[in-house]
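Engineer: In case you want the letters, here they are:
2 protein chains.
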Amino acid sequence: MKIKRSERLVDMTDYMLNRPHTLIPLTFFAKRYGSAKSSISEDLTILKRTFQERGIGLVETVPGAAGGAKYIPYILKEDANKFMDEVIEILNNSQRQLPGGYVYMSDILGDPSKLRFLGRIIATQYLNQQVDAVLTVATRGVPIAQAASQYLNVPLVIARHDSNITEGSTVNVNYMSGSSKKIKRMTISKRSLDEGSNVLIVDDFIHGGGTINGLSSLIKEFDCNLVGSTFFAEGVSDKNKDFGDYTSLVKMEHTDDDDMIITKGNYDEKIFGSTK
Amino acid sequence: MKIKRSERLVDMTDYMLNRPHTLIPLTFFAKRYGSAKSSISEDLTILKRTFQERGIGLVETVPGAAGGAKYIPYILKEDANKFMDEVIEILNNSQRQLPGGYVYMSDILGDPSKLRFLGRIIATQYLNQQVDAVLTVATRGVPIAQAASQYLNVPLVIARHDSNITEGSTVNVNYMSGSSKKIKRMTISKRSLDEGSNVLIVDDFIHGGGTINGLSSLIKEFDCNLVGSTFFAEGVSDKNKDFGDYTSLVKMEHTDDDDMIITKGNYDEKIFGSTK
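As given, the protein sequences belong to chains D and Y, one line each in that order.
Under the UniProt record's numbering, the first residue of the first sequence carries the number 1, and numbering increases by one thereafter.
Under the UniProt record's numbering, the first residue of the second sequence carries the number 1, and numbering increases by one thereafter.
Some hints here could point you the wrong way.
Since the list can't tell identical chains apart, any single copy or any two copies may satisfy a pair.
Derived DMTMM-like pairs: lysine to aspartate or glutamate, alpha-carbon spacing no greater than 25 angstroms straight-line [as the list claims (entries may be wrong)]:
1. K182 x D162
2. K31 x D14
3. K190 x D259
4. K70 x D111
5. K184 x D245
6. K184 x D162
7. K31 x E78
8. K77 x E269
9. K184 x E42
10. K190 x D111
11. K31 x D111
12. K77 x E7
13. K2 x E78
14. K190 x E89
Honestly, the hints are just simulated from the structure, not real lab data.
Chain D extracted, bound-state conformation:
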């Protein structure tokens, strides 16, 4: 049975959205739909144009016999800013203030509709770089790191503070906690990273930089390369300056009456290259 263009377009969109950063051969689609390669090429042109016009992502087409198409998710600056403005407004609700200068944000980081946006925003910064794995540390960073790993379509690796018998041999590092000045330990399975991998750190919070220290040490132990570090929230602290090129989506700062005020992080500059 011949499949109509309209049906091909719907199925191809689903197929590609579920396989970011993966080259799908033209011949695969041609066989899947019993269609000529020339028709598939035209379909891909429509996908490419629509993905671009709607800010869904890039469809890279590779010409030739071995050619195909690759979907590279991104988010437009205006969509990212609109979404982040909403998140910041939600976070600034006074009922979220917790004793000790904390802000309740676990619900934001557990909401799938928000995680989709957050993952796309983070992935946008690294869309032209080789990323082989996303590394985070248990527990609160896992959902946002997983969201980023989905849009980059690379493995998620979770470091833990306790080692676990179900991980096999592990690599452990000690590091100085930035805030409490205690020595802490971080561990991941030996099997979880290949030597020479390009690793992106994603976590929920940076404040004092202890966690990023630990994760960076793990990356060195595996002879891997650090591609970059993105944090959902940055607690304003002089110590963070030591960690150079991290990206934050929101910034948290104490006001004079000890409440926290949430503002935009540095993502606009880091991801979209804006200077203001």
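Got chain D sorted already, so can you dock chain Y onto it with the hints?
Structural biologist: Same frame as chain D, but now just chain Y:
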């Protein structure tokens, strides 16, 4: 500018896939594309048919002035079985055997392409039930629980073994660990569940049922309802029988020479209603 049908179909597919279980009004699409509602209705008919033919999911259309369409993700039995057979083959690789009768599976539960399948499989069982939240416990269950929460499009709630100052007031329960017979503690933020919510438990592993005991106690403390429990792996144990209606994707059993052998869990019966 008038938007062509081909472009509408691509964008509508993306839009709906990113918003499972959400009713999108016909008027929303009509406005988005500057098209007549009758054209949008025809588009939705194409989406509906293609989603069904390709096993992507259900597009429920609600007729009338307040009508619209809702995408309900599912996976076909044959696609689920094909995927799970591959996973089981990977898990049975002898290099995954760990001392003490464990099997290394963190990479499977961190692979975004596998998590998409796992999330769809889990969501399929509950597609006709009211689910308001997915509950798991740190750390290893988080990725698969998050994947399920995405396809059900409901919040992910993570219980922890340690309480954390960034969660505000918490609810804590003590429970008996199924395997070690020790008393353990589990905690979640008071804010994380509303009274009367319908909660689905998703975790990586059930063996002896301690964790499900703890999570069920938390659900009771919040006056919530347990919708069901799904585990990636089930360690074969008589004690699991006490926990009734759980679903497992794979089963792990000791062989006589103390290796683990991985076979199909009970999901085929529980999700697809097969008796064999």
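Engineer: Where does the structure disagree with the numbered hints, that is, which hint numbers, in rising order?
Structural biologist: When the structure is compared with the hints, numbers 9, 11 turn out to be violated.
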